[in-house]
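*Asks:* Guided by the hints, dock chains B, C and D onto chain A, whose structure is given.
Number of protein chains: 4
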Amino acid sequence: MCRFLIFKGRDPILLAHLLTRPEHSIINQSYDSRLRIDNRRPINGDGFGVGYYTPEADPELGDGPCVFCATTPAWNNLNLARLAEKTKSSMVFAHVRASTAGVLSETNCHPFTFHSLMFMHNGQIANFHRMKRKLASHMKDEYFLYVQGGTDSEWAFALFLDSLDKLGVDPSKPAGVNGFGHEMIRNAILLTIQYIKDWSKQCSEGDTDNEEPSLLNFAVTDGHSVIVTRYITSRTEEAASLHFSTGSKFIEYEPGQYKMERRDRRQDVILVASEPLTFERSDWVTVPTNSILTINNQTVLLHPIMDEFYQTDPSVPRSSNFAASRGLVSPIVEPQASTNVNLPPLEREGRRRLSITV
Amino acid sequence: MCRFLIFKGRDPILLAHLLTRPEHSIINQSYDSRLRIDNRRPINGDGFGVGYYTPEADPELGDGPCVFCATTPAWNNLNLARLAEKTKSSMVFAHVRASTAGVLSETNCHPFTFHSLMFMHNGQIANFHRMKRKLASHMKDEYFLYVQGGTDSEWAFALFLDSLDKLGVDPSKPAGVNGFGHEMIRNAILLTIQYIKDWSKQCSEGDTDNEEPSLLNFAVTDGHSVIVTRYITSRTEEAASLHFSTGSKFIEYEPGQYKMERRDRRQDVILVASEPLTFERSDWVTVPTNSILTINNQTVLLHPIMDEFYQTDPSVPRSSNFAASRGLVSPIVEPQASTNVNLPPLEREGRRRLSITV
Amino acid sequence: MCRFLIFKGRDPILLAHLLTRPEHSIINQSYDSRLRIDNRRPINGDGFGVGYYTPEADPELGDGPCVFCATTPAWNNLNLARLAEKTKSSMVFAHVRASTAGVLSETNCHPFTFHSLMFMHNGQIANFHRMKRKLASHMKDEYFLYVQGGTDSEWAFALFLDSLDKLGVDPSKPAGVNGFGHEMIRNAILLTIQYIKDWSKQCSEGDTDNEEPSLLNFAVTDGHSVIVTRYITSRTEEAASLHFSTGSKFIEYEPGQYKMERRDRRQDVILVASEPLTFERSDWVTVPTNSILTINNQTVLLHPIMDEFYQTDPSVPRSSNFAASRGLVSPIVEPQASTNVNLPPLEREGRRRLSITV
Amino acid sequence: MCRFLIFKGRDPILLAHLLTRPEHSIINQSYDSRLRIDNRRPINGDGFGVGYYTPEADPELGDGPCVFCATTPAWNNLNLARLAEKTKSSMVFAHVRASTAGVLSETNCHPFTFHSLMFMHNGQIANFHRMKRKLASHMKDEYFLYVQGGTDSEWAFALFLDSLDKLGVDPSKPAGVNGFGHEMIRNAILLTIQYIKDWSKQCSEGDTDNEEPSLLNFAVTDGHSVIVTRYITSRTEEAASLHFSTGSKFIEYEPGQYKMERRDRRQDVILVASEPLTFERSDWVTVPTNSILTINNQTVLLHPIMDEFYQTDPSVPRSSNFAASRGLVSPIVEPQASTNVNLPPLEREGRRRLSITV
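Residue numbers (the UniProt record's numbering), protein chains in the order written: chain A, 1 to 358; chain B, 1 to 358; chain C, 1 to 358; chain D, 1 to 358.
Please keep in mind that the hints were generated in silico from the structure rather than gathered at the bench.
Predicted model, so just to flag it, every value in this text is computed and none were measured.
Be aware that one or more of the hints could be misleading.
Note: identical chains are not told apart, hence a pair may lie in one copy or across any two.
Pairs of lysine-lysine residues, derived as DSBU-like cross-links and limited to a Cα-Cα distance of at most 35 Å, are as follows [as the list claims (entries may be wrong)]:
1. 249 / 140
2. 173 / 259
3. 134 / 201
4. 201 / 166
5. 259 / 197
6. 259 / 249
7. 259 / 140
8. 140 / 201
Isolated chain A, as found in the complex (with noise of 0.2 Å):
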C-alpha cells in the first residue's frame, strides 16, 4: 500500500518538480487510483516522508540527508508544499504510507536514516511478529537500540546496519569521499534479505496456514549509490511493482504533466519508482522480480537475485495476485482509458490546489 521515488541526478531538481507539481507525483497518486488497478483503493493518507542530500560540499552541513516527515496526509502538508518549492537535491528518496503495521507515528515514517545513509521500504516482512525477538536477539547493541518505533520496516533497516558491520563496515563513518561503495551496499542488503528469509523458514516451520511470502522492495542510499531491490519470498508470485526512467532531463510538457525527455542517451536523471510517474509507457522499465538495482555514477545496473526463489525459465509467469492483494501492484495504463486525463486530480472534484502564497 506504500509507495516510493527515488530521484538521483547529475544536477539538482527542485523537489516540487517530484512531490507536488505532477499530477502523477506519488502524492497526488496517493489520492487518485488511475494508475493503480481499479479494484485497490488509493489511499496512502498515514504519513509521508522525504529525505535529501543537500547538493552543495559544505561541511557545515554534514554528510547525512536532511528528512522531513509528517503523519498527517502529504497532501494537505503546507509545510511540504512550501519545503517542496524551495529546495533541490540531486538525491532524493521519498515515501508515501498506509499504516499496514505499527501505528501512525513520526517515528514510524520513512525514510530512516542513520548518518550518511538512507533506507525505505516498500511491503511487508510476513509473519514479522514471529521473528522479531530473533532480530533483537541478533543484533549489536547500537542497532536493536537504534529502533524507536514499531514497523518491520525500521527493524529491516537496523538489520540491514548490522548486516554493514558484520561485513566489517561500520555504518557511522563512510568509507571514502564516495561513501561505502555499491558492492558493500548491496552485498549487506541481500545479507539482510538472506537473514529476514531463515527467520521466516524458521518460524513457519510446519504452520501450514503460514505461506504467506514477503514483500522486500527495500531502496538504501549512502548520498553516492543507490540500491533498489524487487524482491518476494516466493516462486510464483510476483513483487511489489517496481520501475526505473532515464533520460537527460524531467520536463513539465504541460502543467501538471511531466515526461522524461530523452536527448543523447544521457542518464543524467535517473528515477526509480513504485509506480510509473508518467503516462508514457516507453518512459519507464520495469524491474524484473527478485532483482537488484544499483545507481552507480548515473548509471543503472540490473541484477537477478538467484536463490531459491529465482525462476530461471522465463516463460514461467508469475501471478500478481498476492501483491495486488496488498495493494503493491501498478500496471502502466494508457491514458486514453481515463477521462479527465488532463485535469489533475484535485482540480478533478473541485478541490483547491493549496496555495502557497496568498
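*Replies:* Same frame as chain A, now just chains B, C and D:
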C-alpha cells in the same frame, strides 16, 4: 466531498456502532469508494468531527454537546477509536471533511457549536469569497466575532445564529426544556438560505461565468429537534445526496455489517446521512432535492422548500452532474455489484484495524 | 519532569474538576512553577494522557478504561477541554509528560492500558538502554510484542504484565467482579521492581560512573484497586515526590481554587498526586520514600518496601538532590510565599483560557 | 508572551546556529526563564514559525521566503531540528508563539507571508474584537480575503498590505531587484500603526475601562530591507522589549554559548530580537520605546515615531508594568546572577536533546 451522519435515538447508542465498527460507517466509507459512483475518489482524509449530547440530564454536564475533532484522518485516530468504544449518546452528529476551502485546522472542523446548538454542512457556497464581506457587515458583532476559521460553513453557521437572533431568539439561551422548538430552527435555517441566495445573486449579477450553484445541505440541532436541508440553488441540478432511515434498532447482524431492524413501525432510531450506511436498499429513503427534514420527538417530517428553485412538476428530472462533479452524489448500489462485499475495507487490503487494547 | 494524578471516588467526578478548572491541576501546574522548587523549569509540554473508567457497569462499554492522549501541550488541547466538561468517572489516571526518553508520539503517552489494566510512571529507569535487551528476552512473546513505542515506562508496564503472568494470572482476564485483587497487583508491581533492580545491578557491575539510581513511581489499577509506589534504588536519596489526600468531597471554594472537604473522616474521595493540588498543607500526606500505597474500597493503606534500599532508621535523612535534579521534587509551599496567588496562571499573564463555547 | 528573532547577514548562516544550538535561542528560551524577569513563566509552547529566503538568486526558487511552522512546541519538533541543521540563509525571521488570541492552528503561526513579503508581530492590539469589523470594511477585497486565521497579527499584516496598496504599490510585485525600498515599507508600517491607533480611539470612546494600550512590535521584510517597530499606544508605559546586535560574526565560543564577534566595526551580521540572545550585555543595544528600526544594506538605522505617544523629554521614565504583565519585558541580566549558567536548559534538567541521527 464531505460526508455527514446524524443519529437520533430513543435510547443512547455506543458511538462505535455508528463510527468505527460498521464497514459502511462514514469513516470507513471515507476510504472505500463502493457506495460512491465510480469515477469519484473516496478520499475524505482531511479531518473529522463528532458531536454528541450526554445522555443523562445532569446539570453539571450542561446542555451543550461535546465535540471531538481531528485534522488527521479519522480511520487512524486512536483517540476516536477509543472514545467511540466508551461513549454513548442518543443524539450524534458526525462529519468527515475534505477541504474544499479553508486550510486543515481544528477551527475548520465540523460540527460547529454555540452553547446548546450544533451545526454542520455538506456542500459549498458558490463564490463564497464574493459574499464574505456582505456576511461580515450583515451580522451582529457577537456572531461576526464567533467565526474563528476560514470556511464558508462556519460563516453559514454564524449567519444562522444571527438569523435566530433576528427572529427574536437569543441563540445562547434555549427557550425551554425542549429547546428552541423545531419551527423556530426551521425558520432560521430557511432565512439563512434566503440570505445566501440573495447575496449570491447580487454578487454574480452580470457575471456570465458565475452560474455555479450553491450546495446547501445543512444540519442543525439544539439537542432536541433536528433540522436538515437538502438544497441547491438550481432548478435543473440535483442537490448533494441525502437519505434517512428509521426503525426499532440499528443492529450488527454479522461483524461489520449493520442493518436497520424494523418492528411495529417504531421509529426508536432515526439515521440521516449523506449516503446510505447499509446495503439494504429498502432501509433508506431519499430526501427529495430542495426539501427540509425535521426530526421532532422521534418523528421524521419532510417539507418542500418552495422558492424559485422548486420544481413543481415532479416529472421534470434534475441532472446529477454538478453534485457528482463535487463528489456529492451517492446512489444506492447493489451489494452484489461488488466483490468482497463481506470483507471490511481495511481487511480487504491487508491493513490492520486499530486495535485498542493490545 | 512528569506529573501524575489519580482520583478514586465513591461517586463520579467531572473530569474538569481534576484537569482543567483547578488553578493547580497538573495541567496548569505544567506551566506554573510555584509549586515546584525555584530553579526548576515548569515545562511539561510534551504530551498528556488521561484514562478513566466509565461509571456505570454497562456490558457494552467493557471493563477497560477509555484513554485520551495528545502530543500537543495539554493546556491548549481543545478536545481535552471539551471532553473534561462532559465526562464523569470515579476512577481517573492523568499524566503530563516531559520527554526524558522516547520521541514525542502518541505511542509514548501514559497511561498505558492492557484490557482492564492501566499503568503510568513518574521517574526513569537508570541506564535503561543497557537492560532493554534483557527485558526483551525475559518476557513472554505477547508482552514483548505489546510494546509499541520507545519509552522505559512502556517496557516497565510490559514487564508488569509479564510479572502478573509469572504469578499465575492472565492479565487479559480479570479474576472476578472485583478485579485481580490488590494483593496480586501489589505483588506483581514489587516483582517488577525486583527485576529492574537486578538487571540494573548486572548491567552496571564495575561501571563506576553508573551510580545513578532509578526513580520508580509506578501507578497501576484494574479499575477496582489502585497500587502506587514511591521508590528509588538508593539508600541516601529521596524518591520522586508523592502525596495523597482523602476527604468527603473535592470542592471549588472560589473560581479555580479547590480544597478537600473533610466531614466525618469519610474517604469518599481519594487523590494521589506527584504534587499537592491545593494550597492547604494539611490536605496532603506525603508518602514516604520506598513505600507502596494501596487503595482498596476507598481505603488507603501504606506499606514500606523493605529491601536493600530501605532505611530502617527514620532519623537518617535522605537527600532530595537527585530527584530535584530530575525535576521530581515538589515541596508543599506556603501560598503567601508567592504573589498573585489568587490569579490563575493563564490569567496572570494575560492569556485567554480556552473557551469552549463562543 | 511571544518572542521573535531576525537575522540579516552578509553571508548565509546555518539555521541551527540561530534556532536550535544556542542555549539562549528563542526556542530554548521558550522554556528557560532566566532571561525573563522572575515572576514570568517561560512558556511559549504554543507554536513556532521560521521563514527564510534562499541564499542564491535562483529564478526557479522564486523571490518569496520559505516558511516552516508548527503547532507543537518547537523544542520537540524533529523536522525543525533536522531542517535547521541542513539549511542556510542570510535573511531569517523566527517566531515563538503563546496564544493570547486565536486557537492553536498553523494558520495562526507567524511569520505570515505574501509573495516576497514576510511579517511577524510581538504584542497585541488592545480590544481587537471591537475594531475587527472596521478592518474588514476598510481593506480591499484581496487583503480582506487574505486572512485565513483568527489572530490580530494576521489582520495587522493584511492591513499593512492594504496600506502598501494605498501608497500606490502592488504588494504582490516588488518594484525592482532591491525590493520595495526601505522608505516605502517604513511608510506602510507607519500607516498601519496610524490606522490601528485611530480605530482603537474610535472604538474606546467613552469606555473608561478601556485604557489598555496596544503593543505593536512589528517586523516586516521583502527579502532586502527589514523594518521593525518598537511601539506602544501610551505615553507612560514601555513597549515590549526589543534589542539588536551587530558584528562581524555570530560565533559559538563553547558548546551552546554564542557571542557576537566584532572586528573592524563591520556589520556583517545583524540580529534583532525581543530579548538578548547572549549573556554579553555589551553585545546588545536596546531599541527605544516608540521608534522604528531599519536594516538597509547591512546598516542599522533608528528613527523615533513622533506622534501623540512620543515622549520628547528623555528624563521622563516609562513604566514597564504593562508590558511586564504581558510577559513582554526582557531586561539584560547578569550571567552570574544565575546558577548553572553553562549548562544548557535541557541538560540541566536531565532531558535529552533531540538527536537527529541515531
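*Asks:* Against each hint, give a clear statement of whether it holds in the structure.
*Replies:* Results of checking the hints against the structure:
no. : hint      : verdict
1   : 249 / 140 : neither (43 Å within a copy, 43 Å between copies)
2   : 173 / 259 : between (38 Å within a copy, 32 Å between copies)
3   : 134 / 201 : both (12 Å within a copy, 25 Å between copies)
4   : 201 / 166 : both (22 Å within a copy, 30 Å between copies)
5   : 259 / 197 : neither (38 Å within a copy, 45 Å between copies)
6   : 259 / 249 : within (8 Å within a copy, 46 Å between copies)
7   : 259 / 140 : neither (45 Å within a copy, 41 Å between copies)
8   : 140 / 201 : both (22 Å within a copy, 21 Å between copies)
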